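Could you build the full structure based on these sequences and the hints that come with them?
Protein chains: 2
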Amino acid sequence: MKTRSKTQFAVLGLLSWQPMSGYDIKKMITMGLSHFWAESYGQLYPTLEKLVTDGLATKSSESTGKRKRHVFSITEPGRQRFLEWLAGPTDQPRIRNEFQLKFFLASELPLAHGLSLLEDYRTQQQEIAETYARSEQILAAALETDDAVEEISQVLGLTSRQQMLFFLISLRHGVLAVEARLAWCEESISALKKERKVKENAGD
Amino acid sequence: MKTRSKTQFAVLGLLSWQPMSGYDIKKMITMGLSHFWAESYGQLYPTLEKLVTDGLATKSSESTGKRKRHVFSITEPGRQRFLEWLAGPTDQPRIRNEFQLKFFLASELPLAHGLSLLEDYRTQQQEIAETYARSEQILAAALETDDAVEEISQVLGLTSRQQMLFFLISLRHGVLAVEARLAWCEESISALKKERKVKENAGD
DNA sequence: TGATAGATATATCTATTTGATATATCTTAC
DNA sequence: GTAAGATATATCAAATAGATATATCTATCA
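Sequence lines, in order, name chains B and U.
The first sequence begins at 1 in this note's numbering and counts up one residue at a time.
The second sequence begins at 1 in this note's numbering and counts up one residue at a time.
Since the hints were derived computationally from the structure, they do not count as laboratory data.
In this text the structure is predicted, and so the values were computed from the model without any measurement.
Treat the hints loosely; a few may be bogus.
Stated by the list, open to error - Taking lysine-lysine and the DSSO-like style, the derived pairs with C-alpha atoms no more than 27 Å apart in a straight line are:
1. K6(B) to K27(B)
2. K26(B) to K27(U)
3. K27(U) to K66(U)
4. K50(B) to K26(B)
5. K66(B) to K27(B)
6. K66(U) to K26(U)
7. K6(B) to K26(U)
8. K59(B) to K6(B)
9. K6(U) to K6(B)
Spelled out as structure tokens, the structure:
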């Protein structure tokens, strides 16, 4: 109860779906959750060990050929802990957005700096938007026809229709966010261009 | 060049406006940049010392009465380093959004869990939206009348009109983002309610 | 056949960052 | 003058990121 780490809950939550190794968990997060969550190995492996010592998960060592494989399963207390967290209060994410920091700190420099930053940012966000759009299309189509897309369900372990629905809704969060950022780019570029004109006229 | 820390650039950027103490910097970030940046003392003080040993800033110890005060100023190499960073590549922020994690991990639980999470989130975001709206109004009014609002300029050290414009634009980023999140709440709540109906009918 | 390039899987280490807390000084109201 | 609370400065343990190390597996082609 003392630890403030969210990693353990991310891990417990994924283990509540199916037993997995650290590598599996990392892959699942990277492939499917990356638009809202990240974990590093450096955090993952110690957390898995801690869950075992706390009785929230169990570790079993399989061996296929020479490669050893440590698969972790959630225990009943682990499931309990996961549900408690889910029902408890949710912290605001801490944000450190390098682009916004740059833009803000460019406010004393010539306007061209700000405009250049905005245009780069817009390009970056457009690319993200396209990536999202592709994923969204595939998923929405799969959900429409009640058809499990092999690739998706394999990598992400999405089995039920409801799970796919939640995944799609999660993705929509990213889609709407990136759309908002693009809209912001447009209005900000306009605002700076307008300001530039004001300055030019004042300079006459 | 080896360090990947962004903290030093945040600090250099603020020092490029005016000399400040660690406490001043922390206050300025907390008051004005919190919608896109955060720094902790634990990072701030070591960073300030490092900037001094690297020749990017200088430290002067003033004393008003008994309280000692360490004021840091940017040097020319420091200004150079800041500008290099500004012109260089910008990393995507890493996101760990506890709410979205919860929502996604609730996909195997009864729909009521997801709906409850969404409704709490909506309330939270509505409050944030109101806070932003207030700040935005004050700032926009100040900019309209070319009138520097005391409070703002004092705490944030916003002196020029251009600086206030950039601050307002930064804030707009937050405003549009929170609006997008609220829109997402609405469509997601609808989607889950629709799904609930589908299930009810299937259960007949 | 066996050498090897690259992918897969597991793990650790250091640097960075957070969040909580410690300590002293200043200000104000009583 | 003194106690409560605000201001200012700083440190430390826990959490996290990012880079890297190491070994195993797979496919391919010389």
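Status of the hints after comparison with the structure:
1. K6(B) to K27(B): Holds - the C-alpha atoms of K27(B) and K6(B) are around 18 Å apart, at most 27 Å.
2. K26(B) to K27(U): violated (37 Å)
3. K27(U) to K66(U): holds (22 Å)
4. K50(B) to K26(B): holds (17 Å)
5. K66(B) to K27(B): holds (22 Å)
6. K66(U) to K26(U): The given pair, whose Cα atoms are some 22 Å apart, holds under the 27 Å limit.
7. K6(B) to K26(U): holds (25 Å)
8. K59(B) to K6(B): The hint holds at about 20 Å.
9. K6(U) to K6(B): holds (23 Å)
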